[in-house]
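Modelling step: build the complete structure from the supplied sequences, incorporating the hints.
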Amino acid sequence: GQNIDQPTEMTATEGAIVQINCTYQTSGFNGLFWYQQHAGEAPTFLSYNVLDGLEEKGRFSSFLSRSKGYSYLLLKELQMKDSASYLCAVTAPPGGGNKLTFGTGTQLKVEL
Amino acid sequence: DTEVTQTPKHLVMGMTNKKSLKCEQHMGHRAMYWYKQKAKKPPELMFVYSYEKLSINESVPSRFSPECPNSSLLNLHLHALQPEDSALYLCASSQRLAGGREQYFGPGTRLTVT
Numbered sequence: 001g002q003n004i005d006q007p008t009e010m011t012a013t014e015g016a017i018v019q020i021n022c023t024y025q026t027s028g029f030n031g032l033f034w035y036q037q038h039a040g041e042a043p044t045f046l047s048y049n050v051l052d053g054l055e056e057k058g059r060f061s062s063f064l065s066r067s068k069g070y071s072y073l074l075l076k077e078l079q080m081k082d083s084a085s086y087l088c089a090v091t092a093p094p095g096g097g098n099k100l101t102f103g104t105g106t107q108l109k110v111e112l
Numbered sequence: 113d114t115e116v117t118q119t120p121k122h123l124v125m126g127m128t129n130k131k132s133l134k135c136e137q138h139m140g141h142r143a144m145y146w147y148k149q150k151a152k153k154p155p156e157l158m159f160v161y162s163y164e165k166l167s168i169n170e171s172v173p174s175r176f177s178p179e180c181p182n183s184s185l186l187n188l189h190l191h192a193l194q195p196e197d198s199a200l201y202l203c204a205s206s207q208r209l210a211g212g213r214e215q216y217f218g219p220g221t222r223l224t225v226t
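Sequences listed follow chains A and B, in order. Just so you know, we're using this note's numbering here: the first sequence kicks off at 1 and counts up by one. Just so you know, we're using this note's numbering here: the second sequence kicks off at 113 and counts up by one.
Keep in mind the hints are simulated off the structure, nothing from the lab.
Once the Cα atoms are required to be at most 25 Å apart in a straight line, the calculated DSS-like pairs of lysine-lysine come out as: (1) B:Lys152 x A:Lys109; (2) B:Lys150 x A:Lys81; (3) A:Lys81 x B:Lys153; (4) B:Lys152 x A:Lys81; (5) A:Lys109 x B:Lys153; (6) B:Lys148 x B:Lys121; (7) B:Lys121 x A:Lys81.
All of these numbers come straight from a predicted model, not from anything done at the bench.
If you want it as structure tokens, here you go:
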């Protein structure tokens with residue numbers, strides 16, 4: 001089975017840096033995605049990691065350690081519009097490489 | 113065009129009704145997905161189509177019937193639903209089913225079963 005854990009809620013200040021952690025236990029691993037979802041809207045793709053290390057994309061970075069079953073999403077220079085739910089999702093067998101299993105999501109609130 | 117469209121945006125149906133949700137993409141993607149999302153929960157995979165063939169059915173009750181008439185369209189036919197089926201239904205697509213392909217999500221259909 002798949003088990004993917006994230007903190008339920010986080011609060012941070014505008015302009016600050018926040019790290020959202022994700023731990024997973026899956027039978028097999030084909031990659032890890034991070035998605036952002038604003039209330040009432042569709043999830044949008046943020047990042048993808050399949051090898052260990054850090055992937056940087058503007059204000060967002062994502063890290064993966066396969067041996068530890070651990071990933072984090074780092075958001076820098078926080079803006080109010082970053083208030084959203086952040087979903088960690090793992091692709092793993094069986095069922096195809098792109099079958100996403102989502103974690104519970106982390107609701108991030110950015111305050112002034 | 114990186115858009116996945118879904119119609120209708122909102123749907124209210126009785127337990128004896130038959131309705132359909134529609135999803136469309138013109139990105140040339142050959143994998144399409146249906147997800148169900150309850151409030152404050154993550155999306156849960158229901159069905160996956162690859163090259164217009166059903167690839168994954170996550171043990172979804174038969175009152176949900178997917179259809180992929182061509183590579184751009186994905187339907188979800190609904191019949192005899194229960195109030196607990198009320199949720200946001202999301203469609204997504206990706207280039208292929210193989211791993212590492214970003215999935216593009218549509219805005220969803222918010223379904224209420226009365």
